[in-house]
Amino acid sequence: QKEVEQNSGPLSVPEGAIASLNCTYSDRGSQSFFWYRQYSGKSPELIMSIYSNGDKEDGRFTAQLNKASQYVSLLIRDSQPSDSATYLCAVKKAAGNKLTFGGGTRVLVKP
Amino acid sequence: DVKVTQSSRYLVKRTGEKVFLECVQDMDHENMFWYRQDPGLGLRLIYFSYDVKMKEKGDIPEGYSVSREKKERFSLILESASTNQTSMYLCASSSGTIQREQYFGPGTRLTVT
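Protein sequence lines correspond, in order, to chains A and B. Numbering follows our numbering, in which position 87 of the first sequence is assigned residue number 87; successive positions increment by one, without gaps. Numbering follows our numbering, in which position 28 of the second sequence is assigned residue number 139; successive positions increment by one, without gaps.
Hints in this document: simulated from the structure, not taken from any laboratory. Do not rely on the hints blindly, as some may be mistaken.
[To be verified] Covered by chain B, per the in silico footprint, the following chain A stretches (three or more residues, Cβ under 8 Å):
(1) 43-57
(2) 88-94
(3) 98-111
Even for Gly, the Cβ is constructed at its ideal location relative to N, Cα and C.
Generate coordinates for the entire structure from the input sequences, incorporating the hints supplied.
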């Protein structure tokens with residue numbers, strides 16, 4: 001079992017719809033959770049961070065964390081073609097300075 | 112804004128050459144990281160450093176070494192480049208706070224021929 005798992009996609013979403021991305025992790029003691037967006041040929045860009053159970057909203061993005069079920073999700077509302085990218089989930093374990101990254105979910109927003 | 116810069120966007124080297132990739136961050140971050148990213152394999156950690164002159168191996172350190180002589184600068188060295196080291200190399204940095212969010216540089220696309 002991978003430490004951080006994501007569905008590789010592609011997740012195809014019509015323009016204006018909600019894109020829902022999921023990520024599960026294996027280390028129950030994980031503390032911090034991040035979502036990165038990566039356009040093709042570019043480096044990952046941090047878009048959301050979440051540290052406690054519940055929802056966190058930032059513009060059209062909402063991150064949801066459920067530590068009991070060990071999953072974190074990202075919702076993208078009113079999806080735009082410019083949201084087409086690969087979204088990486090990253091988790092910081094209880095100990096150490098490293099992040100563990102999932103393989104990423106590719107999102108395609110169709111006009 | 113956090114800024115992480117890398118010395119080259121594109122680099123072409125020959126097999127057997129010694130290659131230096133440099134990374135500089137301007138946010139006084141304690142931690143710096145080198146990853147490589149390949150299609151289907153995701154981000155893989157090569158080395159990281161949590162302080163000047165300190166380094167730790169990541170998941171795939173073979174064939175690489177690193178140097179951190181100053182807090183803002185972290186160098187990745189390919190001692191003798193091989194074709195299987197053709198990849199996108201990404202540098203990242205993070206602060207010493209508990210959250211540890213990482214900020215990435217633009218990446219260096221290295222081709223070894």
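Could you tell me which of the hints above the structure violates, numbers in ascending order?
none
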